[in-house]
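Engineer: Chains A and B, in that order, give the protein sequences. Start counting the first sequence at 498; every next residue gets the next number (our numbering). Start counting the second sequence at -14; every next residue gets the next number (our numbering).
Rather than coming from a laboratory, the hints here were simulated on the basis of the structure. Be aware that one or more of the hints could be misleading.
Said to hold, decoys possible - No farther apart than 20 Å at their CA atoms in a straight line, the calculated lysine to aspartate or glutamate pairs in the DMTMM-like style are these:
1. B/422 to A/529
2. A/831 to B/13
3. B/243 to A/527
4. B/136 to B/196
5. B/308 to B/65
6. B/243 to A/785
7. A/624 to B/404
8. B/422 to A/538
9. B/308 to A/573
10. A/624 to A/609
11. A/796 to A/597
12. B/243 to A/536
13. B/422 to A/527
14. B/308 to A/641
15. A/718 to B/404
16. B/243 to A/641
17. B/243 to A/865
18. B/422 to A/634
19. A/831 to B/45
20. B/136 to B/-12
21. A/831 to B/99
22. B/243 to A/597
23. B/308 to A/538
24. B/243 to A/681
25. B/136 to B/250
26. B/422 to A/681
Unchecked claim - Which stretches of chain A does chain B cover? Using the computed rule of at least three CB atoms under 8 Å from a CB of chain B, they are:
27. 680 to 694
28. 744 to 756
By construction, the Cβ of each residue, glycine as well, lies at the ideal position given by its N, Cα and C atoms.
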Amino acid sequence: MSDLLDIADRVVAMARPGEQLEAFVARGTETDVRVYAGEVEHFVSAQSQGIGIRVVRDGRTGFAYAGTLDDTVIAEVLADARQNVEFGTPDPYAGVAEPDGVPVTEVELWSDELAEFAVDAKIALAKELEQFVLAADSRVRVEDANYADGAAEAAVANTAGIRRYGRENGCYLVVSSLAEDRGEMQTGYGFSVGRRPAELSVAKAGGDAAERATRLLGATKPASRRTTVVLSPYVTAQFLAIIGSTLNGEAVSKGRSLFRDRLGDTVANPLVTLLDDPTNPLAYTATDVDGEGLAARAKPLIEAGVLRQFVHNAYSARRMGTASTANATRGGFKGTPGVGCLALQLQPGTGTQDELIAAVDDGVLIYEVSGLHSGVNPISGDFSTGASGVSITGGQLGAPVREFTLGSTLQRMLLDVVAVGGDVEWLPMSAAGVSLVIGDVTLSGS
Amino acid sequence: MIDQDVLERVLSRAVRTGAEFAEVYAEDRRGTSAGLDDGTVEQVNSGRDRGAGVRVVAGETTGFAYTSDLSEAGLLTAAEAAAAAARQGGDVIRTVALTDGPRRVVSPVDTQPDTVSTAAKVELLNRMNDAARSSGASIAQVSASYADGRKRFLVANTDGVLAHDEQCRINVRCQVVADGDSGMQTGFQSAGFTMGFEMFDTVDVEELARDAARQALTKLRARPAPSGTLPVVIHRGTGGVLFHEACGHGLEADLVSKGGSVYRDRRGQTVASPLITLVDDGTMSGQWGAIGYDDEGHPSQYNVLIQDGVLTDYMWDFLRARKEGRAQSGNGRRQSYQHLPMVRMTNTYVLNGPHDPDDIVADTDYGVFVAELGGGQVNTASGDFVFGMQEAYLIEGGRITEPLREGNLIGNGPQVLRDIDLLGNDFAMGRPGTCGKDGQGVPVGDGQPTLRVRALTIGGTAA
């Protein structure tokens, strides 16, 4: 079936009595074409592979990895992992994942069409993208226009009997733009993502890049006040990813989540139903198995405002006396599995973004936020972010605004949701976007 | 790692189709890390990674390929892939003669971490855990980590450059959660240096953990940060990241050359308060961003970017310097052999000013004192930036008073540089950082004396 699974099997077969062992073997290829001023600025073509081995003995965990699949090195990696076991603290919950009988939902993640896509066509797409943006608006320049694709295959096997192999590929176009007018400069970007080249849209990526670079020209700093914000789908997706991190079972089990004692409580406005569903093929992060080889599955996290469950991998589930929700995450072969939401989606409402805006008397449509990693604390819930957008007065969009902050807490923002739009947008991240209206946010400007 | 004659043959092959320039970058990395959480040493990890990236430049086009196979056959395959990507015609025979550069020891290592027992590394974690937990009854959770990494690399190119460097870095981090009536608060502290295990002769990990605990405990009684525009005093050491983000990125020649920087065409002009002299210094021994050679084989340098408020120069890598017909500045860096180099900072800092730091606070009637800045983000084209305030206090009547809850502060880089009206004489370097750009992370340092910015926007929730 796959040489990677063969390697994983061979490593697992080396387990000694009393030893749990897990092998994660991965290989990837990538192509990256960057175009600037009509020329290829760089062309990267590469392949990489590696293995990570986890050993658990007497409740202690050791891990080691190497960026090669050479047999001699694999033996050294296993020896390193065994040696590392010696230094862990015995933990009754440590261990590899156990098969749970949940059948795999097949998700189509591989495209032969993409695997055979010609190099010339990749370069042509990137050049076409640059041209499209330049033609869209005379004030706009392009910093770089890119086509990139990647293919990844991975096998995971362990001594509890899990054996899985999977592969996926995908491609995207992304362009960075600049707009200049009367000495003022703003940036924009646009992207289009697909599992097959035919799904890529130059017009979408290019059109967004031109529009985003120009829409903030002439923006001013708005007056400080408490107000209503309409989050654009991309901003909502970033907000959901943070909410998702507070529902991480490991954080909860270690008392590091603001929702730790809140199962069954109303934590959000009843309009809020939040789902994690990696089996939805529309999700960019769709997958059939999680990082420990369990079948990926759909689960409601918040239903009509009520907190229903947290997400778990095998370890965090054991700690909390529950079953894994197949939410083991894995950032490649260099690390052990973590816990995380895989594909978040807010159950959509009905309105278009225009209809949501029409219902807002005083507010701001938020195009972008910045500094989420520094200004939002998912443990305390403090929320503060830089933002830009366009003001809303009497249901009408007005002038662009920038250089202001939004402040609240995660807890309050969930309760202060006023409306969820019907305009679901699938984005290249672990959460889908949708327009979202939140009331009573502190806007700090002039 | 690779014999010189093999490198010469690989480079010749890489330019056989007529490219002007080719380069081999090969590296070998080893590292160990350990993490403690919830009182448990959860795991000890070790890793090894080696490989080479071959870069071929033909006209304006760069071809790049990498491999984990360091045999001559593996390198020749990568060279041909990179040359094909750069795509020129012709069949050119060009021999390459490499001259090995002098060994540069910018950050000497006394005790290589791989000669230290894992038990001694794990012991540091237990000491941090104990120190933090004994700081107060409200301490609810502690996580601590240790990581060491040794990167050995060589760079060879068709200009005849051959350089070797070895960089050993160690860092420790501690995060503490305190739980009180007002909810949970967090504290964080870290230390990292380009040196060997002797780092712990001077870094007291218990002190570091107690400081993280103190932050979390202090914030339990914090009030919401104000919202609006106020004078902000930034404590020494912690504000270097502001210059890194708000100004450093805009001085990177790759951004400047595409016109994507607010500082383009500004050399020789006043861009900052005359108090400000800003330096990027890869030679600062032991600091997190210190390097012997950059990842293109150019020796690290001390580069003055802004002198007394006047922009003196940008930072340069090979490609951008070649285009402008000038010298590189030792700022060509990459995350690993799997990445193309680009212009990156090393240790970026502001030199001392004339003012007593106590006077800076005393001179501020109402404002915010930032004891510890968090991460930040900048839009290099507009100059707009944000920063997290990890630990901050109100200044009232020239005195530091109540602690504030976390929030961001925002401003505009060029404006803030002009708005620095007081600069202390108490220079210190800050915490180790990882600078992200175009998907690549590299270790960087920064520093500054205590300073005041006349006005910044505070993103709190209090009116």
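Engineer: What are the numbers of the hints that this structure violates, sorted from low to high?
Structural biologist: As far as the earlier hints go, 3, 4, 5, 6, 7, 9, 10, 17, 18, 19, 22, 25 and 26 are violated by this structure, in ascending order.
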